[in-house]
Amino acid sequence: MEIVGGLTMLFLRILRALIPPTFDRRETWRNLYKVGVQSYAIVAVTGFFAGAIMVIQTGDFVGRTGATGLLGWGAGFAVLAEIGPVLIGLMFSGRVGANNTAELGTMAVTEQIDALRALAIEPIRHLVVPRFMAMMVMLGLLTCIGDLFALFGGALVSQWILKVHWRVFYYGLIESHLLHEFLVGILKAACFGLSISVVSCYFGLRVTGGASGVGRAVNQSVVASAIGIWVVDLFLTWATYL
Amino acid sequence: MNGKDSSEPMFIERLGAPLGDLVRTLREIFVLLGRTVRTVASERADRREVVRQLFDIGVESLLFIGVTLGVLGVISLYQGCTQLERVLPDFSRAGATYLATLVREFGPVICGLMVATRTGSAIAAQVGSMVVTEQVDALRMCNTDPVRYLVVPRFLAGGPMLLMLTIIGVCISFLGGMLTARIGWEVPYSTYVNLTMVHSHDVVMGVLKSLSFGYAIPIIAAHAGLSAHGGSEGVGAATTRSVVNCSFAVIVLDFVISSSVYLVVN
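So the sequence lines, in the order shown, correspond to chains A and B. All residue numbers for the first sequence refer to the numbering used here, where the first residue is 1 and numbers rise by one. All residue numbers for the second sequence refer to the numbering used here, where the first residue is 1001 and numbers rise by one.
Hints were generated in silico from the structure; no laboratory data involved. On a predicted model such as this, the values are computed, not experimentally measured, just so you know. Using N, Cα and C, we set each Cβ at its ideal position, and we do this for glycine too. All the pointers check out, no bait thrown in.
Per label pair, the in silico range of CB-to-CB distance: (1) B:Leu1195 x A:Asp114: 53 to 61 Å; (2) A:Leu183 x B:Val1040: 49 to 57 Å; (3) A:Pro21 x B:Asn1266: 51 to 59 Å.
With the hints as extra help, turn the sequences into a complete structure.
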């Protein structure tokens, strides 16, 4: 309960810092670059495997009925709307969220955050808001790339393992009009980025107790981020079908 | 690292460096796996420590697994039924289909990812802070093998516990889906609970997956923890690396097992 309250307070303080937008622009650019480049490779590979796995799983059902045209619909829907954003979000939380908690936690235990306060630089505006912006924007954009790699992985697997021509896979995909699912997936990813950034900053800023404290904080941060991803996913799935 | 004496790396070097890192990490993980297996085979493990790890990995993750897999069940049935509504409004196979995918894919994989997140980061944080505070060196000084004392109990506890967590997770997720289908689409419980689509190879696949994730995660996490260096920054970096490597191992192993079982069965 204390954690939920703390997260809400931090989120409100971030929003407060955005109106009027008086955060550190240079720091935001640097974070956008860092977050994007740091997780580009991992998102691409995760997307590739997510697509490949979903095609194999769909292939098992399709194989029984022989309706290979449904392969693109089944795998495409699952990847674009659900599995892609969630898996990429979980990997992103492990890569960027955990890294962020470790970084802020190290700053907290070495009293660098107190030093910032002593110099009248507010940690929220200088440290938290740039990360918030960077993660939200970048996870949305990275999911587009991840989806692309997922469809590529799916096509390769359908060709080589399922022995279904990759064109059949792509025609099935195009004919099932998945634009809405794609956009919902991107929206989900941006909201996952939002929750990951708030959670990881919260656990990073309140670290106490040296090296083992940082380790514990990272552990708590990734667990809370994972729960956050599932809860946000549940809420958005329900909200986008209303 | 200081960048003064080393000139700007060439393009090929920059291209090859991540690959070299990957190969090195993989080799170190397999060496650690080999040492762990050899220790398990040759010596009796500390039974009290194994029981403690069984508790730490299994019981402590139970609530987390329950919440995430329950949510997964609700989401999946919600998505599935809204899609079915558009194509053909026949929900009689919804439960059976969901159970089959759950048993062979989502149950083990999502449980594996959640355990990779929770336990993987915890193991790396524990072992990493022992390394940077020189407690591991102290163990060596006392002629205690760190692999035997730290890695083996976690390795032995990982496999069985992930299997049990997967079984519990599958049940909770199936129940979550059952409630969603009943409330949202008025599918009767007796129609939803239908085991006809679960074949023996699905169960074998699920068990194989969860056991392999369960044995892989502690080794990879312990490797990340043991390679920590520097102070609190090092522990943070090791924990991060552990989460990424463990989740990644789950996804890759899942792909390997899924495709090989598919090729064997068909």
